[in-house]
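Enquirer: Sequence order for the protein chains is A and B.
Mind the numbering: the first sequence is residues 1 to 341 in the numbering used here, read in order.
Mind the numbering: the second sequence is residues 1 to 303 in the numbering used here, read in order.
These aren't lab readings, by the way, just hints derived from the structure by calculation.
Beta carbons are placed, not taken as given, at the ideal position from N, Cα and C, and that holds for glycine.
Check the hints yourself; a few may be wrong.
Said to hold, decoys possible - Label pairs and their in silico Cβ distance ranges: (1) A:Ala87 x B:Lys164: 49 to 59 Å; (2) B:Lys164 x A:Pro188: 37 to 47 Å; (3) A:Asn224 x B:Arg218: 54 to 64 Å; (4) A:Gln194 x B:Lys164: 25 to 35 Å; (5) B:Gln96 x A:Trp166: 24 to 34 Å; (6) A:Gly106 x B:Gly31: 33 to 43 Å; (7) B:Gln96 x A:Ile90: 36 to 46 Å; (8) B:Ser142 x A:Ala7: 26 to 36 Å.
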Amino acid sequence: MLLVLLAIGLIYGAYDRPELFAQYIIIGVANGALIALIALGYTLVYGIVELINFAHGEVFMMGAYFALTVVATTGVTTEKGWLILAAAAILALLGSMVFSSAINWGIDRVAYRRLRHAPRLAPLICAIGFSFILQQMAVYWKGGNPLSPPALIPSEYRAYNILQEWFGLETRIRIRPLDLAVVLITIPLLILLQWFIQRTRTGKAMRATAQDRDAAALMGIDVNRAISIAFIVGGALAGAAGMIAVYYINSARPGMGFRYGLYAFTAAVVGGIGNLNGAVIGGFIIGIAWSLSDGFLKTYPGGHFSWWGAQWTPALIFGLLVVTMVFRPSGILGETTAEKV
Amino acid sequence: MTATMAEVKPGAHVGSDSIILRAEKITKQFGGLTAVNAVDLDIYRGSIQGVIGPNGAGKTTFFNMVAGIYQPTEGRIIFEDMVIHDGGGRSSRPDQVAERGIARTFQNIRLFANMTALENVLIGMHTRMRSSPLGALLKLPSVSREEQQARGQAFQWLAYVGLKGKGNETAKNLSYGDQRRLEIARALASWPHLLLLDEPTAGMNPTEKVQMTQFIDRMRHELDLTVLLIEHDMRVVMGISDNVAVLDHGEKIAQGLPIEVQRNQQVIEAYLGKSGAEAAAQSTSVRHDINSGPAQTPQEALQ
């Protein structure tokens, strides 16, 4: 009921204040891309071992910290040429992808693999345990306070509006280079993932393992290897998301994995857990809902929602989760016994 | 862990390379239940070895031990002069067994239902392909060449089993008979030396059964295969097997040529029960048999 009211309000708002609305959609898309990257990790792992890897948010957080460390180690400053800056950014991106996938792979190797034939609850509890372990490791490593990443984007470009500067549009909608970068990094990764899963021999082995582990093994597929690769790929995507997030929200703290992790998990479930496209769609839905709720709703004209604020965002997002669970328990793209990876 | 056949059984009256698979006193216990009890079985290269027995006789358990799904409690299985499963020691994983050259189909079809027929066959080729994820990522020419060849071969396998033109259909949309054929194509794609068929004609009508029987025989000759066949349908087993082993309550109660097995009193009793066997001796119209189809008791099949 409330959601229907909200939807009507939003549609009217979009009509009434299109530029403001579009602005928040753009932020939402960038946010959504981030969430989608993390959600893919949940969904890949769930698809293949039916485990909700609650440590995944922390794998993302570790990626963020590692990216920050890499950039700090290279010692680049914004006075350097853009080529050097771009090289540092790519190095940090690849570094955090490798780092996060190593962590994710390690957790599976050390713990989950031993519990593969245990009751489902055992690896789940184990995952929650790893989530705390990783958080505490991050506190030990970098301290508990939020850290700002070393600047990579020259200050004059931080508030630079691509639409005005490049296209000369008279508009108040602002797309920053950062917003663009988020999408430009995410989309190729998503395409690469699709190609990897659908086209390559390893991807086929992963899909086969997800559908029928025993039959896959009898076809000569090393099931443990296929599962390891799912963890590695999921970790790499989380690492990339970590690198992007640390610059997008301009801070990193040990607890950041919790909220992003929960939202991404929600996105994966809303989209249909186990379904890759579903995770991406869910990610964008949650990202857009997040940004509209944080910003647009309270500035909505007429003041009907002036009481609304960012504190309601989790309620809205988990409300979406509840509604999905009630009306479409298998998620938007999920089928009851569907293809899982 | 490895042993040559000569070490295993010196002085065996057959040359080591004529036996492709040897099970030695193979036993499987589930808790207190003994599903397979000290079964010995030699399978000769190029032959079709039938395994029959009433429901619950341990046929599928035996199969699963060969395939590496269950580890034998005791005994060992030797495949092409290699001990692949050792009850006291290590057993190979299913994927390692597949790599050695054993492929199988399932009693209840287990295709990758949401993939196309072609993809199912490509997965069957998995062990014969070498490309690594990194190579695929870098689009190495060797990888794409291998991929091209694999697709070509997969289409050939589909044509071989009679699924020409159905490569792009999703497996779950194929008809029942076609799904069975696809399972065989998927198994053949790994170029197995030994093919395990678990009730390949289950659920088929008599015409389809005849076709399938002929196809298995053709495959064996054309592809140089050895076949281990579990089957309920007596006509199918007796028609194509070179040798038949009979399991009952986990034990091998008889083995020999189909005609010998059919006349074996113990076998008839196992299928019909003691009183049933006596009745069957008097009348051929006994119908409380193992299967729904007509003429399937050993005696009737014989006639």
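Enquirer: Could you run down the list of hints and mark each one as holding or not?
Expert: Tested hints:
Taking 49 to 59 Å as the suggested C-beta distance range, the pair alanine 87 of chain A and lysine 164 of chain B conforms, at roughly 53 Å. Restraint check, lysine 164 of chain B to proline 188 of chain A: a C-beta distance of roughly 38 Å satisfies the suggested window 37 to 47 Å. Separated by about 37 Å at the C-beta atoms, asparagine 224 of chain A and arginine 218 of chain B break the suggested range of 54 to 64 Å. Range check, glutamine 194 of chain A to lysine 164 of chain B: Cβ separation about 29 Å, and the 25 to 35 Å hint holds.
The hint said 24 to 34 Å for the Cβ distance between glutamine 96 of chain B and tryptophan 166 of chain A, and at roughly 58 Å that hint is violated. The beta-carbon spacing between glycine 106 of chain A and glycine 31 of chain B, approximately 35 Å, falls within the hinted interval of 33 to 43 Å. At about 40 Å, the beta-carbon gap between glutamine 96 of chain B and isoleucine 90 of chain A stays in the expected band of 36 to 46 Å. The hint said 26 to 36 Å for the Cβ distance between serine 142 of chain B and alanine 7 of chain A, and at roughly 54 Å that hint is violated.
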